[in-house]
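Visitor: Sequence:
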Amino acid sequence: MENIKKLITEADGYQPHLIAPEQGYRRLIESTLVTIRGPAEAAVDAVHSILKDLVHKAISETPELKQYPGLRVEVGNAAIESLDRMRDQSKKAALQLVDMECCYLTVEFFRKLPQDVEKGGNPTQSIFDRYHETYLRRIGTTILSYVNMVCATLRHSIPKSIVYCQVREAKRSLLDFYTELGKLEQKRLSALLNEDPAVMERRSALAKRLELYRSAQAEIDTVAWSK
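Going by full-length UniProt numbering, the first residue of the sequence shown is number 1, and it counts up by one from there.
Source of the hints: derived by calculation from the structure; they are not laboratory data.
Don't take each hint at face value.
What the hints assert, rightly or not - Straight-line Cα separation of at most 27 Å, DSS-like style, residue types lysine-lysine; simulated pairs: (1) K160 with K171; (2) K92 with K160; (3) K52 with K171; (4) K52 with K160; (5) K171 with K57; (6) K171 with K92; (7) K52 with K92; (8) K66 with K52; (9) K160 with K57; (10) K171 with K66.
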């Protein structure tokens, strides 16, 4: 009650408003809603941690990557770097949603505020007499109702923002990375695979031999059909 009285009287100044202390309402609402920034950031960090764990788990459970330590490290580093970038973007988007609610209050809310004049209040009263406990309690109830309404909205919009900025982007970004990986030049790809040169040479020889077998098979089929 003391906090409400302090902010309302400071916003009102020496001459109380005839209808409602709008600036006082704004200050009380802003001072309450700004506390949502912390939980919003925590939600983004929690999803970021889950995505990182999923990346580490996927890499460790992929047997093909175990054969190529260099490629495994490269994939892991690229994935974490991408997730960090998405976390920063997601945190920025989530905080913007909170800040938007802090800075731009719903107009209809103020239009529905109880009016002292209509209830028989006397606007010429001393500001200290005017702000008795019943009046301040009504202000507190009204502000709590508004804050609950905003929290209900953010309870849906912030998770949507997180999914859009992090989860959705994580899937798309990792797929793009694998596509780019396949486009690397042979020398760079060989360095990432870090294979034994003898194994690489043998695979290359086998690939050439397979191509010769296929050419020979095509020639045989051509001769057979011509007869």
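Visitor: If a hint holds in the structure, say so; if it does not, say that too.
Guide: Hint by hint, here is what the structure shows:
Restraint check for K160 and K171: satisfied, since their Cα atoms lie roughly 16 Å apart, inside the 27 Å limit. For the suggested pair K92 and K160, the alpha carbons sit about 14 Å apart, so the restraint of at most 27 Å is met. Between the alpha carbons of K52 and K171 the distance comes to roughly 13 Å, so the proposed pair stays at or under 27 Å and holds. Note on K52 and K160: the hinted pairing holds, with a Cα-Cα distance of about 19 Å set against a maximum of 27 Å.
Distance check on the hinted pair: K171 and K57 sit about 15 Å apart at the alpha-carbon level, within 27 Å; holds. Distance hint between K171 and K92 is fulfilled; the C-alpha atoms sit about 20 Å from each other, no more than 27 Å. The suggested pairing of K52 with K92 holds, with an alpha-carbon distance near 19 Å, which does not exceed 27 Å. Proximity of K66 to K52 is assessed by CA-CA distance (about 19 Å); at most 27 Å being required, the pair is judged to hold.
Straight-line distance between C-alpha atoms of K160 and K57 comes to about 25 Å, which keeps the hinted pair within the 27 Å bound. Among the hinted pairs, K171 with K66 is consistent with the structure: their alpha-carbon atoms are about 22 Å apart, no more than 27 Å.
In the structure shown, no violation is registered for any of the earlier numbered hints.
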